[in-house]
Amino acid sequence: MEYKSPFSLEGKNILVTGASSGIGLNICKAVVASGGKVIGVARREGMLQEMTNELGFDKASYIHADLALDEGIAKVVDAMPEVNGVVCAAGIAKMLPLKFIKRQALEEILNINYFSIVLLLSQIVRQKKIRKNDNSSIVLISSVAQQIGTKSSLLYTGSKAALSAAGRVIANELSSQKIRVNSIEPGMVQTAMASEMEDVVSRESIDKDKEKYPLGYGTAADVANATVFLLAEASKWMTGQSLTLDGGRYKLID
Amino acid sequence: MEKNQFLQSFAEQFDETDPSVITFDTEFKELEEWSSMVALMIIAMVDENYNKKLTGADLRETRTIEQLFDRIVQNKPA
Chain A
1 MEYKSPFSLE
11 GKNILVTGAS
21 SGIGLNICKA
31 VVASGGKVIG
41 VARREGMLQE
51 MTNELGFDKA
61 SYIHADLALD
71 EGIAKVVDAM
81 PEVNGVVCAA
91 GIAKMLPLKF
101 IKRQALEEIL
111 NINYFSIVLL
121 LSQIVRQKKI
131 RKNDNSSIVL
141 ISSVAQQIGT
151 KSSLLYTGSK
161 AALSAAGRVI
171 ANELSSQKIR
181 VNSIEPGMVQ
191 TAMASEMEDV
201 VSRESIDKDK
211 EKYPLGYGTA
221 ADVANATVFL
231 LAEASKWMTG
241 QSLTLDGGRY
251 KLID
Chain B
1 MEKNQFLQSF
11 AEQFDETDPS
21 VITFDTEFKE
31 LEEWSSMVAL
41 MIIAMVDENY
51 NKKLTGADLR
61 ETRTIEQLFD
71 RIVQNKPA
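Residue numbers (the working numbering), protein chains in the order written: chain A, 1 to 254; chain B, 1 to 78.
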């Protein structure tokens with residue numbers, strides 16, 4: 001009998017948001033490398049085209065949409081096939097001390113990092129676009145930030161805390177259909193979004209921060225590999241969890 | 001962008017430092033209260049008041065408040 005690795009995504013269709021760059025793009029690559037097919041969603045169509053060119057049209061396709069808008073969510077849910085997995089990796093970050101926070105900034109980040117994900121999953125479930133009783137899996141890319149209280153990170157931290165909490169509730173609601181929901185909470189990962197943040201704080205404080213990571217900063221591929229595990233049969237007994245990936249940053253003490 | 005208003009807004013980001021010791025010649029990173037948090041507040045203040053995106057490099061490469069002011073004036077809007 002042929003042995004199929006429980007870590008394989010063969011035969012699975014996976015929808016990935018935030019697919020044009022960073023962690024989302026790396027997840028698309030990892031899904032295909034693990035035998036699955038990916039449907040990428042993002043606002044930047046050129047980059048989605050590059051992704052499908054690179055991964056091959058038989059393995060990768062895309063839906064160009066802005067999930068911050070209800071029309072964008074409707075477009076994705078209408079266009080997507082029935083899937084075995086959904087990965088929500090779209091997100092933005094902004095540093096702002098408490099006293100500078102205004103309604104507009106708060107609404108903008110919550111809209112992208114939280115509302116759009118909840119509303120997308122709501123419609124996917126309502127329209128039965130995720131297979132039931134077939135070990136389907138939803139993975140939310142949250143952040144280790146939601147476990148701590150980094151100065152000036154309130155907008156981002158609040159949105160990620162809401163996302164991780166939503167994951168537990170949705171996991172409970174969908175458990176009877178054997179649809180699993182888990183979140184990943186990465187520490188500092190080197191992406192374009194992180195470089196943008198680096199520019200705000202000083203080089204020295206970044207170097208100092210990096211030293212606090214026993215295994216150094218992470219890469220988008222590190223997060224993508226953990227995502228594959230959560231999408232695969234290998235994790236079929238795991239739901240409602242948050243998986244911290246931080247190179248030992250917050251649990252290992254000198 | 002009004003120079004004295006900038007100085008006042010800059011001084012407002014400090015809680016312990018007497019505003020009278022904050023002048024255009026002040027080497028702001030030498031102030032005892034200067035910290036990464038104050039730096040983040042200066043960045044947010046410049047964004048809010050002047051719609052300009054100050055970077056870590058802007059703060060690193062300037063010494064006095066006047067130098068920082070000049071650098072912001074030369075910057076393009078965010």
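Keep in mind that the hints are not guaranteed to be accurate.
Claimed, not checked - Listed below are the simulated EDC-like cross-link pairs for lysine to aspartate or glutamate, each with C-alpha atoms no more than 16 Å apart in a straight line: (1) K178/A - E233/A; (2) K94/A - E12/B; (3) K53/B - E107/A; (4) K132/A - E173/A; (5) K29/B - D47/B; (6) K29/B - E66/B; (7) K29/A - E10/A; (8) K99/A - D47/B; (9) K251/A - D207/A; (10) K3/B - D18/B; (11) K132/A - E196/A; (12) K129/A - D209/A; (13) K178/A - E107/A; (14) K94/A - D15/B; (15) K29/A - D70/A; (16) K212/A - E173/A; (17) K102/A - D15/B; (18) K151/A - E233/A; (19) K29/B - D70/A; (20) K94/A - E82/A; (21) K94/A - D78/A; (22) K128/A - E173/A; (23) K52/B - D70/B; (24) K99/A - D58/B; (25) K99/A - D70/B; (26) K99/A - E12/B; (27) K102/A - E16/B; (28) K94/A - E204/A; (29) K210/A - E173/A; (30) K75/A - E45/A.
Quick caveat, the hints were computed from the structure, so don't treat them as lab data.
Because the structure is a prediction, the values reported are computed rather than measured.
Task: Unmet hints by their number, sorted upward, for this structure - done: 2, 3, 5, 9, 10, 11, 12, 13, 14, 15, 16, 17, 18, 19, 20, 21, 24, 25, 27, 28, 29
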